[in-house]
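Enquirer: Protein chains in written order, with numbering that gives the first Met the number 0: chain A, 0 to 312; chain B, 0 to 329.
Derived by calculation from the structure, the hints in this document are not laboratory data. It cannot be assumed that every hint is accurate.
[Claimed, not checked] List of simulated lysine-lysine pairs, BS3-like, C-alpha gap at most 27 Å:
hint, chain 1, residue 1, chain 2, residue 2
1, A, K178, A, K89
2, A, K299, B, K246
3, B, K210, B, K125
4, B, K210, A, K299
5, B, K246, B, K125
[As the list claims (entries may be wrong)] Below, a sample of chain B positions facing chain A; criterion: calculated Cβ distance under 10 Å:
hint, residue
6, H4
7, D24
8, L86
9, P88
10, G135
11, L150
12, A153
13, L305
14, L307
15, L310
[Said to hold, decoys possible] Coverage of chain B stretches by chain A, computed from C-beta distances (three or more under 8 Å per stretch; other residues unrestricted):
hint, segment
16, 118–127
17, 165–176
Yeah, the Cβ is synthetic: ideal placement off N, Cα and C, and Gly gets one too.
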Amino acid sequence: MIEFVQQLINGLSLGAIYALIALGYTMVYGVLRFINFAHGDVFMVGAFAGLYVAPLVMRFSNGGPSWTGMFVILIFAMMICAILGIVIEKLAYRPLRNRPRLTVLITAIGVSLFLENFGQYAFGVDPQSFPDLIGDHAIDIPAWCGPFTDLTIMVSQVLVFAVTLFLLIALRFIVTKTKLGTAMRALSVNPTATSLMGVNNDVVISFTFGLGSALAGAAGILISIQQPSIDPLMGLQPGIKAFVAAVLGGIGNIPGAAMGGLLLGVIETLVVGYSDVLHIPPGYRDAVAFFLLILILLFKPTGLLGRVEREKV
Amino acid sequence: MFERHKVTLLAALAAIFVVSRFSGDIGPYYYQIILFIGINIILAVSLNLVNGYTGQFSLGHAGFMSVGAYAAATFTNYASVHWLGMLKPLGSFVSVSLLFGIALGLGGLAAGLAGVLVGIPSLRLKGDYLAIVTLGFGEIIKVVIENVDALGGARGLSVYAVYTNLFWVYAAATVTIYVVLNIVHSTYGRGFVMVRDDEIAAEAMGINTTKYKVLAFSLAAFFAGIAGGLYAHLTQYINPEGFNFLKSVDIVTMVILGGMGSTWGVVFAAVILTILPEWLRWLSERPFLPHWLAPLLENRMIPYSLLLILLMLLRPQGLFGRISFKRKHA
Numbered sequence: 000m001i002e003f004v005q006q007l008i009n010g011l012s013l014g015a016i017y018a019l020i021a022l023g024y025t026m027v028y029g030v031l032r033f034i035n036f037a038h039g040d041v042f043m044v045g046a047f048a049g050l051y052v053a054p055l056v057m058r059f060s061n062g063g064p065s066w067t068g069m070f071v072i073l074i075f076a077m078m079i080c081a082i083l084g085i086v087i088e089k090l091a092y093r094p095l096r097n098r099p100r101l102t103v104l105i106t107a108i109g110v111s112l113f114l115e116n117f118g119q120y121a122f123g124v125d126p127q128s129f130p131d132l133i134g135d136h137a138i139d140i141p142a143w144c145g146p147f148t149d150l151t152i153m154v155s156q157v158l159v160f161a162v163t164l165f166l167l168i169a170l171r172f173i174v175t176k177t178k179l180g181t182a183m184r185a186l187s188v189n190p191t192a193t194s195l196m197g198v199n200n201d202v203v204i205s206f207t208f209g210l211g212s213a214l215a216g217a218a219g220i221l222i223s224i225q226q227p228s229i230d231p232l233m234g235l236q237p238g239i240k241a242f243v244a245a246v247l248g249g250i251g252n253i254p255g256a257a258m259g260g261l262l263l264g265v266i267e268t269l270v271v272g273y274s275d276v277l278h279i280p281p282g283y284r285d286a287v288a289f290f291l292l293i294l295i296l297l298f299k300p301t302g303l304l305g306r307v308e309r310e311k312v
Numbered sequence: 000m001f002e003r004h005k006v007t008l009l010a011a012l013a014a015i016f017v018v019s020r021f022s023g024d025i026g027p028y029y030y031q032i033i034l035f036i037g038i039n040i041i042l043a044v045s046l047n048l049v050n051g052y053t054g055q056f057s058l059g060h061a062g063f064m065s066v067g068a069y070a071a072a073t074f075t076n077y078a079s080v081h082w083l084g085m086l087k088p089l090g091s092f093v094s095v096s097l098l099f100g101i102a103l104g105l106g107g108l109a110a111g112l113a114g115v116l117v118g119i120p121s122l123r124l125k126g127d128y129l130a131i132v133t134l135g136f137g138e139i140i141k142v143v144i145e146n147v148d149a150l151g152g153a154r155g156l157s158v159y160a161v162y163t164n165l166f167w168v169y170a171a172a173t174v175t176i177y178v179v180l181n182i183v184h185s186t187y188g189r190g191f192v193m194v195r196d197d198e199i200a201a202e203a204m205g206i207n208t209t210k211y212k213v214l215a216f217s218l219a220a221f222f223a224g225i226a227g228g229l230y231a232h233l234t235q236y237i238n239p240e241g242f243n244f245l246k247s248v249d250i251v252t253m254v255i256l257g258g259m260g261s262t263w264g265v266v267f268a269a270v271i272l273t274i275l276p277e278w279l280r281w282l283s284e285r286p287f288l289p290h291w292l293a294p295l296l297e298n299r300m301i302p303y304s305l306l307l308i309l310l311m312l313l314r315p316q317g318l319f320g321r322i323s324f325k326r327k328h329a
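Could you put together the complete structure from these sequences and hints?
Expert: Take a look at the structure:
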C-alpha cells in the first residue's frame with residue numbers, strides 16, 4: 000500500500016511536468032490546428048537557459064541554494080522560451096498560415112531537428128549537470144502520520160506540484176478572464192469570424208505561442224531540478240509523451256491537457272513500478288505512452304474531454 | 000512477347016550485372032557510398048508510394064527497415080552455418096545467391112506483414128495523427144527489439160555474412176523503381192492518387208480507401224524490409240538505435256526534397272542526400288574554413304533541418320514535384 004502511494008506521488012510529479020508541456024501543444028492546436036513538433040525542444044532550451052543564468056543568479060546567494068534565486072531563474076527561463084516560441088512562429092509558421100497542414104507539420108519537424116542539433120552544437124553533446132537550486136532533500140514526515148513516515152517525498156516534488164498548480168490557475172485566469180484569453184478561445188472556434196470582429200489574429204496567435212512556450216520553459220527548469228543532468232536531446236521523449244497526454248485529454252482542451260499529463264505520468268510510473276506483477280519488462284517504459292496513444296486514437300480519438308469535430312466538405 | 004518496360008528492366012539488370020563484375024576497381028570508401036545510395040533509393044522510392052502518391056504521412060519507415068534487417072540477418076546467421084554446407088554441390092555462387100535471395104525475401108515479407116499489422120489500425124487516422132502514430136509504431140518496434148534477447152537486445156546483432164554487393168543492391172533498386180512505376184500507372188495507382196487528392200470524393204465514388212492505403216503501406220514496408228536486409232549484410236552489425244526516428248526523417252527528407260509523388264525526383268534526392276553528408280564532412284576538414292564552421296557541417300542534421308524548413312517555405316512541392324497539395328477547406 001505504502002509502495003503504491005509512493006508510486007502515485009512519483010507519478011504525479013512526473014505527470015505535472017507532462018501537463019505543463021501538454022498545455023502548449025493543446026493551446027497551439029486549439030488556435031492553429033497543427034502539432035507544434037518543436038515544442039519539446041523549446042522545453043529543452045528552457046532548461047539550458049536556466050543552466051546558463053544559474054551561476055549569475057547564485058552569485059547573490061554565495062553560490063548556495065536559494066528559493067528566491069530559483070524563482071528568478073524560473074521566470075527568466077519562461078521569458079526566454081516565450082520569446083523563442085514567438086520567434087519560431089513568426090519565422091517558420093506564419094508564412095505558411097494558409098498552406099496545407101502537411102506543409103506546416105514538415106516545417107515543425109524541421110524546426111525541432113534544427114533546435115536539437117543546433118543545441119548539440121551550441122551547448123555541447125554531453126549531458127551537463129544542473130546546479131542544485133533549492134538544496135533538494137527528502138522531507139521529514141512527522142511521526143503521527145503512522146505508516147506514511149516510510150514515504151520519500153522530495154522537496155522538489157512538492158515544488159513541481161505547487162508551481163504547476165499555480166501556473167494552471169494563472170493560465171485558467173488568463174484564458175477565461177482576460178481579453179486576449181477570450182480572443183484565443185474565440186479564435187479556436189472560428190478564426191474568420193474573430194478577424195471580422197476586429198481581433199488581430201496574428202497578435203493572438205503570437206500570444207498563444209508565447210504562453211505555451213513559457214509553460215514549457217517552466218517545465219524545463221522544474222525537471223532539471225529533479226534530474227541529475229540535462230542534454231540537448233532531453234526534449235525529445237517528454238515532448239512526444241506530452242503530446243500523447245494532450246491527445247489523451249482531448250487535444251485543444253486546456254483542462255484535458257492538464258488531466259492527461261497527470262494521468263500519463265501516473266500510468267507510466269505504475270507500469271514501470273509494477274513491471275514484475277504486470278509481466279512487462281521495465282525496458283518497455285518508453286513504449287507505454289505510444290501504446291496508450293494508439294489505443295486512444297483507435298477507440299476514443301477525441302480524448303477524454305475533447306469534442307467531436309465533423310469534417311465538412 | 001515482352002512489353003517494352005520489361006525489356007528495359009531486363010536490360011538494366013543485365014547492365015548492372017556487367018558493371019558489378021568490375022566493382023573491384025572502386026575504392027572501398029566510394030564502393031560503400033555507392034551501395035548506400037542504392038539502399039537509400041529503395042527506401043525513398045518505396046516511402047514515396049505512401050507519402051507521395053497516397054498522401055499519407057508516415058514517419059515510421061525505419062521501423063519496417065529494421066524488421067527486414069533483423070529477419071534477414073537472423074535467417075542468414077542460422078542458414079549460413081547449418082544449410083550452406085548442404086548447398087555445396089550447387090557451387091558457392093549459386094548457393095550464396097540462393098540463400099541471400101531467400102533472406103531478402105523473408106526480410107521483405109516480415110516487414111510487409113508488419114506493414115499490414117501497423118497499417119490496418121493506424122490508417123484510419125489522417126494527417127498529423129497518422130504521422131505521430133507511425134512514429135509511435137516505429138519506436139515500439141525499436142523498443143521491442145531492444146528487449147528481445149535472441150535478437151541481441153540493445154547490444155545489437157552481428158551479421159556474419161557479407162553478401163551485399165553492387166549487383167544485389169542495384170538489382171533490388173531497379174526492381175523497386177520498376178514495380179513502383181508500374182503500380183502508380185495501374186488501376187491501383189489511380190486509387191492511390193485519388194485517396195491523396197480527395198479522400199471523401201474517392202469514398203463517394205465507391206473506392207475502398209482503407210484497402211488502397213493499407214496496400215500502399217504494406218508494399219512500401221516490403222521494400223523497406225528488403226533495403227533493411229541489404230543494409231544488414233553490408234554493415235555486418237545492426238542495432239535498434241540505428242533505426243530510430245532520425246533514420247525515418249532521413250528518408251522523409253529524401254522524399255520531400257525529390258518531390259512527393261515523383262519517383263525519379265526522389266531517386267535523384269536519394270543520391271544527393273547520401274552524398275551530401277560525405278561531402279560536408281570532406282568540406283569540414285578543409286583548413287581554409289573558420290574553426291567554428293566545421294562542427295556545423297559535420298552534423299548532417301543541421302543542414303538537413305534547414306533544408307526542410309526552407310523547402311517548405313519556398314518550394315513545398317520539392318525539386319521535381321508537380322502535384323499541388325490540396326488547400327484547406329475555408
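Enquirer: Look at each hint and say if it fits the structure.
Expert: Right, here's what the structure says about each hint:
no.: 1; hint: K178/A with K89/A; result: holds, 22 Å
no.: 2; hint: K299/A with K246/B; result: violated, 30 Å
no.: 3; hint: K210/B with K125/B; result: holds, 15 Å
no.: 4; hint: K210/B with K299/A; result: holds, 22 Å
no.: 5; hint: K246/B with K125/B; result: holds, 22 Å
no.: 6; hint: H4; result: violated, 31 Å
no.: 7; hint: D24; result: violated, 37 Å
no.: 8; hint: L86; result: violated, 38 Å
no.: 9; hint: P88; result: violated, 45 Å
no.: 10; hint: G135; result: holds, 4 Å
no.: 11; hint: L150; result: violated, 13 Å
no.: 12; hint: A153; result: holds, 8 Å
no.: 13; hint: L305; result: holds, 6 Å
no.: 14; hint: L307; result: holds, 3 Å
no.: 15; hint: L310; result: holds, 8 Å
no.: 16; hint: 118–127; result: holds (count 6)
no.: 17; hint: 165–176; result: violated (count 0)
The structure does not agree with the numbered hints 2, 6, 7, 8, 9, 11 and 17 stated previously, though it agrees with the rest.
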